[in-house]
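Position chain V relative to chain B; hints supplied.
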Amino acid sequence: MAALIFLGVVVLAVMFFVGIYNSLVGLRNRVKNAWSQIDVQLKRRHDLIPNLVETAKGYMTHERETLSAITEARSRAMGAGSVAEKGVAETQLTQALSKFMVVVENYPDLKANQNFLSLQEELTSTENKIAFARQSYTDAVNFYNNKIEMFPSNVVAGMFNFRPETFFEIEDAAQREAPKVSFTR
Amino acid sequence: MFWELIAANRRKSFMLFVGMAALLVTLGYFIGEATMGEGGGTIGIVVATAVWVIMSAASVFGGPDLVLRMSRAKPVTADVHPQLFNIVEEMKIAAGLPAMPKVYIIDEKAPNAFATGLRPEDSSIAVTAGLLTKLNRDELQGVIAHETSHIMNRDVQFLTLASIMLGSIALISQVFLRGMWYSGGSSKRWRSSKKSEGGGGGGALIVVAIVLAILGPIFARILYFSISRQREYLADACAVRLTRYPAGLAGALEKISQSPLHLEAANQVTAPMYTVAPLQGAKAASWGSTHPPIQERIAILRGMSEGAGFLSYQHALAKVRGKPSMIMPASALKKDERVAVREAHPDVAREQSEKDKARDVMDLMRAVNGFAFLLCACGLKIKLPPEIEDASIACPRCGRENEVPRAQVTEFAEVAAAVGAIVGSQAKADAGGPPFAQPAPGGSSGPDAPLEYRRRAHKEWESFSCACGHLLQLSPVFSASQMKCPNCTRITRIV
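Protein chains in written order, with my numbering: chain B, -7 to 177; chain V, 52 to 546.
Bound-form chain B, shown alone (with noise of 0.2 Å):
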């Protein structure tokens, strides 16, 4: 009988660890999934910008610099391996090409050009969905985080090396070094 219950218990734990394991692995898999989101968008973002330099430099026979640091940030940001990284790198290239953005106010042909035009509305949009994709990642990873953190998950966490996930931190980055950059010439 002692033997019977003792095997019903140990049934049981094992069923609770195996519950906690599989949770744990689908908050991971959410938190990839986002990151695949905001991976995807970071692409996109990567192919534009060769178009936009080369469509701008027509025009912007005086903004060498501005333009190739867009390209070198470019370069830098597809170098990028882990979250962090690319937090930093991501960073750049927005303060690059925010930098762009208002250095194009000088250049009315260039603004008029249909090609840049829509070549600027996919760089928004891109930036837009970083964002919005960016909102569902931070509370993928809050969740996972909090999960391996807390008792009992902590302990199956712990036994099957569940590590904690970095937060992509592009827009307050961006905002701690904000005041670095000048605008003027």
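By construction, these hints were calculated from the structure, which means they are not laboratory data. Note that CB positions come from ideal geometry on N, CA and C, so glycine has one too. Keep in mind that the hints are not guaranteed to be accurate.
Simulated restraints, written as ranges between beta carbons of each label pair [unchecked claim]:
1) V:ALA391 with B:VAL6: 18 to 28 Å
2) V:SER532 with B:PHE159: 53 to 63 Å
3) B:GLY18 with V:GLY373: 40 to 50 Å
4) B:ASN138 with V:GLU172: 22 to 32 Å
5) V:GLU172 with B:PHE159: 28 to 38 Å
6) B:ARG155 with V:ALA391: 27 to 37 Å
7) B:PHE135 with V:VAL258: 56 to 66 Å
8) B:PHE159 with V:ILE269: 32 to 42 Å
9) B:ARG155 with V:PHE270: 33 to 43 Å
10) B:ASN21 with V:PRO126: 27 to 37 Å
11) B:GLY71 with V:LEU426: 55 to 65 Å
12) B:ASN21 with V:ARG120: 19 to 29 Å
13) V:ALA391 with B:SER15: 29 to 39 Å
14) B:VAL17 with V:ARG120: 54 to 64 Å
Below, chain V without anything else, positioned relative to chain B:
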């Protein structure tokens, strides 16, 4: 955070649905009892349920498509209006919809929009051409966010189900009351015979049935409209929460309310679905309208002083309406953190000129009607009519030769033809009509022989006359393979 809202909405929808169903069944029972005597109540219930089942089947299977067709909405691809597609996708990401809503454009100048589709997986958003040309990016985003919120909150589902129930109740009541009116004599006789049997309750039953048949539909309508108005407030609140920019939707509503144009494609059935009620004046709003007064909605949005969260909307609403009415469940409000209002989109400051806007409307109509567009390297947008047959076209501004995207032109023309775009198909018929005639400088004879002009040199201006005698000029940079006579529309090949 949105989950609680959606769940609360579902509960409310379900309660309303149950309430209306109870009303329908009661109505069926009393009408059955009153007209068919003892035991007729069951038959009445069965008939009422059958009416409801048939009506729901019709609208569930044909509903969304029917609504889109009734509104003369045309499906469009991303090339027609990239910004609209971008904004819809942005809102899809923000609202976490499982699939991208299909996008439709209604060829009308009155600015408005609506969403349809019973499930979020299979939804559509339709906007009028006027909306696209009147609003700037932020305002358009506000309107799309409002429609996305309707999809997210399952408002379309609710509206459809409730309106079917309402329709069934109204139909049964109407049939019963008309029947009573026209067959007054026979029913009296029937009732007296009933009385002689010792029934006695027949008269009372008829009175109850008549009262129910008169009050039932009115009651159901009041209920339906009040919830519909609540959902509009809720969609406004959600739109602001999604975009974090109350001024966008407020500006859009202002522009829509100021427009004197009347939406021709709207009718009684589709009217409740639009962003702004299309059939009523700006002021009119009472228990009998599906939308809150637009000025009130604007005042609430403009009065949001505590960020873009739900709580801020709720406070603004309480201030404007003067009484604290709950739009969303308290549990959703409590957890709602402060949401900062974002900056205006930089392009908003740069207002387009009237001429540019007019050109945009025309481009949009062309796109809806099957024109393809080609961007030249010089920045000019070249319009390609569906009937174009050349392999390449010269840019009218810089003369650069551009290859005609054949697949795109065909696809656009087909899409336009499929949805019955009259302009496109007419243009096609015209192009096939006039025969080619013989031009001045040499070639074969006969009225059907193609016109041809051989260029002397490609370095200077040249002129030649068309078969109709009209003088045509060629610029030094002209490099297309054909030219259309503006006088007789005959096409001359340039070699």
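Problem set entry | Hints that the structure is at odds with (numbers, increasing) | 1, 8, 9, 11, 12, 14
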